[in-house]
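Chemist: Count along the sequence shown starting at 1, add 7, and that's the number in my numbering.
Treat the hints loosely; a few may be bogus.
EDC-like cross-link-like pairs, simulated, lysine to aspartate or glutamate; straight-line CA separation at most 16 Å [to be verified]: (1) Lys89 to Glu141; (2) Lys89 to Asp273; (3) Lys89 to Asp164.
Quick list of simulated restraints, FRET-style, between CB atoms [as the list claims (entries may be wrong)]: (4) Ser26 to Leu226: 24 to 30 Å; (5) Pro134 to Pro220: 42 to 48 Å; (6) Pro217 to Ala113: 42 to 48 Å.
Hint data in this document are derived by calculation from the structure and do not stem from the laboratory. A virtual CB, placed ideally from N, CA and C, is assigned to each residue, including glycine.
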Amino acid sequence: MEDNHEPRDLHLPAGCTASPPYAVSIGPEQAGWDYSALRVLELDPGGSHLLAAGDSEWIVLPLTGGCTVRTQGEIFELQGRKSVFGGVSDFAYVPRDARAQIASGAGGRFALAGARCERRLPARYGPAPEVLVEARGSGSQAREVHNFAAAGAFACDRLIAVEVLTPGGNWSSYPPHKHDEHRPGEESELEEIYYFEIEDGGLGYQRVSPSRPGGAELLTEVRTGDAVLVPDGWHGPSMAEPGHTMYYLNVMAGAEREWLIRFHPDHTEGYR
8 MEDNHEPRDL HLPAGCTASP PYAVSIGPEQ AGWDYSALRV LELDPGGSHL
58 LAAGDSEWIV LPLTGGCTVR TQGEIFELQG RKSVFGGVSD FAYVPRDARA
108 QIASGAGGRF ALAGARCERR LPARYGPAPE VLVEARGSGS QAREVHNFAA
158 AGAFACDRLI AVEVLTPGGN WSSYPPHKHD EHRPGEESEL EEIYYFEIED
208 GGLGYQRVSP SRPGGAELLT EVRTGDAVLV PDGWHGPSMA EPGHTMYYLN
258 VMAGAEREWL IRFHPDHTEG YR
């Protein structure tokens, strides 16, 4: 992957990208890349917001609360959830060049995971019972993955998005892995955003290490509302404070919608 962009901050603490009604607003321009985007919409009770999709496809994913999404002549009633620690949520897909009215009677917080794309797919509803929940890793590396918009799980043009819950004291995104080179059948180029929420005011740590001279490098403390950009490099582990479950939403996109990764060769021995 060629880096044709200016250097950027990889750790974006809570509030630093806020642009009301968005608590988080990260687009390709802010991130310094081509595709991936994330917004976190906060709605008061009875509030509503008009999303103009523009050149990107979007998934509306409840983090807290439920909402109604009206788009393309469709009405999707999202039941949502009490919090990201309360299980999977239903969601709605909004195609590029569309407008979507997002309204919530009780209020809530809603992730808008996006990616610049070319194809205009139909608006659709994603039922919670159809989300594949995967138990990944074992022992101190065990975590739960919600593959709601993984490649092959839900049709998008470029967008890939999953949720991960890591029990307190555990490591996830482990072994460190990367997806920053186009190697057919082995590795795909994907820009990635991590968005974090930590249970009960806890904290976590995120590591990104270079895969090339001058590549991305980061070791930072993360808290609820923080985001981390991964333009390239080995990423992981994501480390959860003991006693505090770590949640993160991964938003990924690239020229091809494939999740092909390579594990760091120094960290794979004995891994299950």
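Chemist: Taking the numbered hints from earlier one at a time, note which ones the structure violates and give those numbers from smallest to largest.
Modeler: 1, 2 and 3
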